[in-house]
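K.L.:
Go by the hints and put chain B onto chain A.
What follows is each chain in one-letter form.
There are 2 protein chains.
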Amino acid sequence: MGEFELIRTVFAAAPCAQGGEGVALGIGDDCALLDVPFGEQLAISTDTLVAGVHFADPCDPFLLGQRSLAVAASDLAAMGATPLAFTLALTLPTVEADWLQAFARGLNHMAQRCNVRLIGGDTTRGPLCLTLTVFGRVPTGHALTRSGARPGDLLCVGGELGNAAGALPLVLGQRNAESFIAEPLLAHYWSPQPQLALGQALRGKATSALDISDGLLADCGHIAQASRVRLLIENERLPISVALQEFLGDAPAQLAALSGGDDYVLAFTLPPVELPTLLGDGWPIHVIGCVVEGQGVGVLDAQGQDITPATHGYQHF
Amino acid sequence: MGEFELIRTVFAAAPCAQGGEGVALGIGDDCALLDVPFGEQLAISTDTLVAGVHFADPCDPFLLGQRSLAVAASDLAAMGATPLAFTLALTLPTVEADWLQAFARGLNHMAQRCNVRLIGGDTTRGPLCLTLTVFGRVPTGHALTRSGARPGDLLCVGGELGNAAGALPLVLGQRNAESFIAEPLLAHYWSPQPQLALGQALRGKATSALDISDGLLADCGHIAQASRVRLLIENERLPISVALQEFLGDAPAQLAALSGGDDYVLAFTLPPVELPTLLGDGWPIHVIGCVVEGQGVGVLDAQGQDITPATHGYQHF
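Same order as they appear, the protein sequences are chains A and B.
Using this note's numbering, the first residue of the first sequence is number 1, and each one after it goes up by one.
Using this note's numbering, the first residue of the second sequence is number 318, and each one after it goes up by one.
Extracted from the complex, chain A is given alone in its bound form (with noise of 0.2 Å):
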């Protein structure tokens, strides 16, 4: 069997890429082919990770199977979307099946726990980097846009901010930890859990969200643009983690929940009326500010001073 012909099977053996509702067509002919149902909106979103970039290289392929599904499908949980499907580039500088079994399984997991199938893609040889491209459906006029935001919603999270970042100088080997420390942080850093339940649950009533990917403060900033309003954020009710405050002390704990990339958490603000029902239901909102007229966002400590820092989130460029 060529090394092609190993990458093709691995792929198309993988539980992940069998069957799937909306699945008309899988791995294997020019394209797939998707039913979406009457009613409903394909929602879309491609996300590329570059080995020594968006990732230690060598890393564990498991790990990194599991973490690029996640980062992708992320999306599709802050357009309120419903998972259907994606598609895998994969650009290898060599063929070690060992490594692609591995990688299969982390993605299979991913995959299993986010209900996605894998429905085609491409293998070339290069250096090694992902494009993960995945697809969901919501219904027509209902996804959760950056635009929505208005005057006197609340600004939410939906989950505890920093750890990835955190996590990176564990990942890069530059620092250890104690295991009760390292555990929680590596596992946010490598298995972020989309918050797909989180972000249907938000449809109808969240005015915007997103998903925190290059840091509260430059995502945010998003959101303000997109919908031509100012976010407020109350320094003292960012939602840090033990681990987290213990590994790095309280200032830089909050300047990583502020800045930190990589959380896939959504943000999201709405309307004060939609809160106590949300919380009523056991969704993990935390509110930590709020929407008010202006541009740009501002950080706030507890005596409502303004400390916003300077930079305000990884780029990549």
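Take the hints with a grain of salt, since some may be wrong.
Distance condition first, Cα-Cα at most 25 Å in a straight line; then the derived DMTMM-like pairs of lysine to aspartate or glutamate [to be verified]: (1) K522/B x E357/B; (2) K205/A x E274/A; (3) K522/B x D35/A; (4) K522/B x D598/B; (5) K205/A x D352/B; (6) K205/A x E40/A.
Calculated from the structure, these hints are not laboratory results.
Note that the structure is predicted; figures quoted are calculated from it, not measured.
P.N.:
Frame of chain A, contents of chain B only:
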């Protein structure tokens, strides 16, 4: 303006990123949103092009943009789909405004030709590499797959073969040729014309179809395998351009037509009864063989002798 912002601006402002049938939400949110008409399915294909593997590096960015989209859209043609949209994942070592502008112009040029809109993607730093995912619509159940060829069908192609393979020594600067030879060959390589209209005309008529990217023999092998039939190619009937014949000579030109990749011409199987109408309508169809019972692909000379070459096409691994 930061480099990241520059890229975003160039693509968001590109003519091919504006409006478009079926595009409910384009560039700028977590996902794009597509409307798929009732009674139609969405066809999806992903292609990756790596610098130094799929194209020379450096190369003309206009031609690269144009060719990348043509290669991807050709998979829609092969399914008989009508193009709707595409995403672009672009990995760049450095950001140069002139390069980006020229690349975007090339992309625009082909996007206009294919009537397809840029709806999203990702831009990352790393070794030069592009992944395009294209979306088209096709009436439910009427896509042209690889699996319907039946004994008795004719084997056809939609145009001349081998021109792109013939152009390679020119692209790589290994040989020169007079302009009446070089120009048509290079045009085929840099500006392949996805046979979108032909693909749509073949819906309900062809029993199988694909676009020739790996080479005629290798791609016919895909139809033979998916349809569980044998495909016979008559060597003397291969449509070969005057330029290719002049450049390579008779036998090497035939080998280029059989095994050279990157032609992006459609290959398809057709019940004989369908041929007269299609030819009468002026479609550029060349009958090059037939479908019989059995498996694999055979090549016959003018005397009916089996002259099948040992290797079938280009493999990335």
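K.L.:
Indicate, hint by hint, whether the structure satisfies it.
P.N.:
Here is how each hint holds up against the structure:
With a CA separation close to 18 Å, the supplied pair K522/B and E357/B stays within the 25 Å bound. Only pairs whose Cα atoms come within 25 Å are accepted, and K205/A paired with E274/A is accepted, the gap being roughly 6 Å. In summary, the hint linking K522/B to D35/A is supported, as the alpha carbons are separated by about 23 Å, within the 25 Å threshold. Proximity of K522/B to D598/B is assessed by CA-CA distance (about 14 Å); at most 25 Å being required, the pair is judged to hold.
With a CA separation close to 23 Å, the supplied pair K205/A and D352/B stays within the 25 Å bound. At most 25 Å may separate the alpha-carbon atoms for a hinted pair to count; K205/A and E40/A meet this at roughly 18 Å.
In terms of the numbered hints stated before, the structure departs from none.
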